[in-house]
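Residue-level listing of the chains:
Number of protein chains: 2
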Amino acid sequence: MEAWVDGQPASAIGVVNRGLAYGDGLFETIRVRATRLSLLERHLERLAHGCARLGLPFDEPVLRAEVRGYASELGDGVLKLIVTRGDSARGYAGDPAAPARRILQGSPLPEYPAQRQTEGIALFPCRTRLAEQPLLAGLKHLNRLEQVLARAEWQGAEFAEGLMCDSSGRLIEGVFSNLFMVCDGRLVTPGLTRCGVAGTLRAELIAQAATEGEPVVIEDLEPSRLASASEVFMCNSVYGIWPVRRYAQLTWPVGPRTRKLQQMACELLDI
Amino acid sequence: MEAWVDGQPASAIGVVNRGLAYGDGLFETIRVRATRLSLLERHLERLAHGCARLGLPFDEPVLRAEVRGYASELGDGVLKLIVTRGDSARGYAGDPAAPARRILQGSPLPEYPAQRQTEGIALFPCRTRLAEQPLLAGLKHLNRLEQVLARAEWQGAEFAEGLMCDSSGRLIEGVFSNLFMVCDGRLVTPGLTRCGVAGTLRAELIAQAATEGEPVVIEDLEPSRLASASEVFMCNSVYGIWPVRRYAQLTWPVGPRTRKLQQMACELLDI
Chain P
0 MEAWVDGQPA SAIGVVNRGL AYGDGLFETI RVRATRLSLL ERHLERLAHG CARLGLPFDE
60 PVLRAEVRGY ASELGDGVLK LIVTRGDSAR GYAGDPAAPA RRILQGSPLP EYPAQRQTEG
120 IALFPCRTRL AEQPLLAGLK HLNRLEQVLA RAEWQGAEFA EGLMCDSSGR LIEGVFSNLF
180 MVCDGRLVTP GLTRCGVAGT LRAELIAQAA TEGEPVVIED LEPSRLASAS EVFMCNSVYG
240 IWPVRRYAQL TWPVGPRTRK LQQMACELLD I
Chain X
0 MEAWVDGQPA SAIGVVNRGL AYGDGLFETI RVRATRLSLL ERHLERLAHG CARLGLPFDE
60 PVLRAEVRGY ASELGDGVLK LIVTRGDSAR GYAGDPAAPA RRILQGSPLP EYPAQRQTEG
120 IALFPCRTRL AEQPLLAGLK HLNRLEQVLA RAEWQGAEFA EGLMCDSSGR LIEGVFSNLF
180 MVCDGRLVTP GLTRCGVAGT LRAELIAQAA TEGEPVVIED LEPSRLASAS EVFMCNSVYG
240 IWPVRRYAQL TWPVGPRTRK LQQMACELLD I
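From first to last, the protein sequence lines stand for chains P and X.
One point on numbering: in numbering that gives the first Met the number 0, the residue at position 212 of the first sequence is 211, and numbering is uninterrupted.
One point on numbering: in numbering that gives the first Met the number 0, the residue at position 66 of the second sequence is 65, and numbering is uninterrupted.
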């Protein structure tokens, strides 16, 4: 399906767009099934938060109307929404009067092998570290060279995802997913105050666990914690939950907690 | 002057370009006076180095011919060259078969107030820190949100540049220039192995000092070193050298070393 730029069908943007020049913007990738946008409120919430941090305008009614309109034409697929600071002359100073630009793109739902859900995956140990930048941590911004470098570290189908640590060696996330584990019966996920992308499915899992009186433990996690985990899984809002079976010398079974959350994720995402 | 995309006049790029999606590319801004490209070899050298690090193809003859052709039409101005990994479907994995894209843009030479050269400038103390990422340090890549945030910290004409430190508090660079100082009679500049952009004029100053038998000292610099500097200046390949007169509570005169290097920079850049 053709892209929309600022609400109009278009397949190109001006070369003066600050999204190209500086990665000066944010994006969301939203799963669409039968025109329904999964986790839409979580995506809008993260985008609003990102816009506030970057000093970008956030016009919620317009964004909401546009993604709904685009999804109704897309039907099934992944809707990618990019918001940039718009155009400007050369130089890092943005033009406060320049309107932000909205870009919508649609692509087919990815056809991941079904056994990633059923049997689980192996994680590649990425050497690329995530730099620690609290001002940008958690945001899904357009500065993604670290993910590009990490994803280029492996080819082939043996590894479905890669695991990334920060500069200090703490566990943070996958290249395109978040990390959870079960330790001593409790659900644990890395804190993302220094780097990482705060995924929308991650946010949903955290919120639901809290309402069930079993809050997720969010903390700094050393790689050694993996050895004591009874279950490990990755999640994102496009594929749901993939159990992790193997990382380096470590192996895990697909545990009951993972299966239960996986079921919930499938319902949330119409998988 | 209209931009060129892959050698053809064009003002837009596809929304699927990875430069927009991930900042997956590099750029150079080259000063052009009377069609002459200043420091062209240094710019191509840095770009080649960046392409090697990011795994991007670097077609030197094509790039050289295109920037020369564009400069001959631009006459006077700033030529901005962007190289991106080209287009790809959604996902961080690049398509190795996709050709890189070249984007050339021209803008007028900036009209900075002349007293920045003659009388010097005040530096704004930026709160935004540069994250430490050795894999990207030195490159002029398209992930520039830190510079955007730093540049948004001040408005108005009191400060011509801002000074940025890394996460550990070391002095690194300006928002759009490099930092030099004179300490105990020696020229000193911060090492850029963890973060920062290795400027082409910086490289030229370092090379020329080495040939004169007075090599620049490149090292980690704590902010306290500024207090013992006898001269401080900022440099880039568009404006040349601006003496720094004031930073926080510190002040400096415009010293003889700065004046001498400023003269050399003016010749290099046809200022």
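Hints are computed from structural coordinates only; laboratory data are not their basis.
Wrong hints could be hidden among the right ones.
Said to hold, decoys possible - Computed cross-link-like contacts, DSSO-like style, restricted to lysine-lysine with a CA-CA straight-line distance of at most 30 angstroms:
#, chain 1, residue 1, chain 2, residue 2
1, P, K259, P, K79
2, X, K259, X, K79
3, P, K139, X, K259
4, P, K259, P, K139
5, X, K139, X, K259
6, P, K259, X, K259
7, P, K79, X, K259
8, X, K139, X, K79
9, X, K139, P, K139
10, P, K139, P, K79
The structure presented is a predicted model; accordingly, all values stated were derived computationally and were not measured.
Here is what the structure says about each hint:
Note on P/K259 and P/K79: the hinted pairing holds, with a Cα-Cα distance of about 28 angstroms set against a maximum of 30 angstroms. For the given pair, X/K259 sits about 28 angstroms from X/K79 by alpha-carbon distance, which is consistent with the 30 angstroms threshold. Simply put, P/K139 and X/K259 have alpha-carbon atoms about 46 angstroms apart, too far for the 30 angstroms limit, and the pair is violated. Between P/K259 and P/K139, the direct Cα distance comes to roughly 27 angstroms. Compliance with the 30 angstroms bound is thereby established for this hinted pair.
For the given pair, X/K139 sits about 27 angstroms from X/K259 by alpha-carbon distance, which is consistent with the 30 angstroms threshold. Only pairs whose Cα atoms come within 30 angstroms are accepted, and P/K259 paired with X/K259 is rejected, the gap being roughly 71 angstroms. About 53 angstroms separates the Cα atoms of P/K79 and X/K259, which puts this hinted pair outside 30 angstroms; it is violated. Our distance criterion of 30 angstroms between C-alpha atoms is met by X/K139 and X/K79, whose separation comes to about 12 angstroms.
With a C-alpha separation of about 21 angstroms, the suggested pairing of X/K139 with P/K139 holds against the 30 angstroms cut-off. A threshold of 30 angstroms between alpha carbons decides the hint, and for P/K139 with P/K79 the separation of about 12 angstroms falls inside it, so the pair holds.
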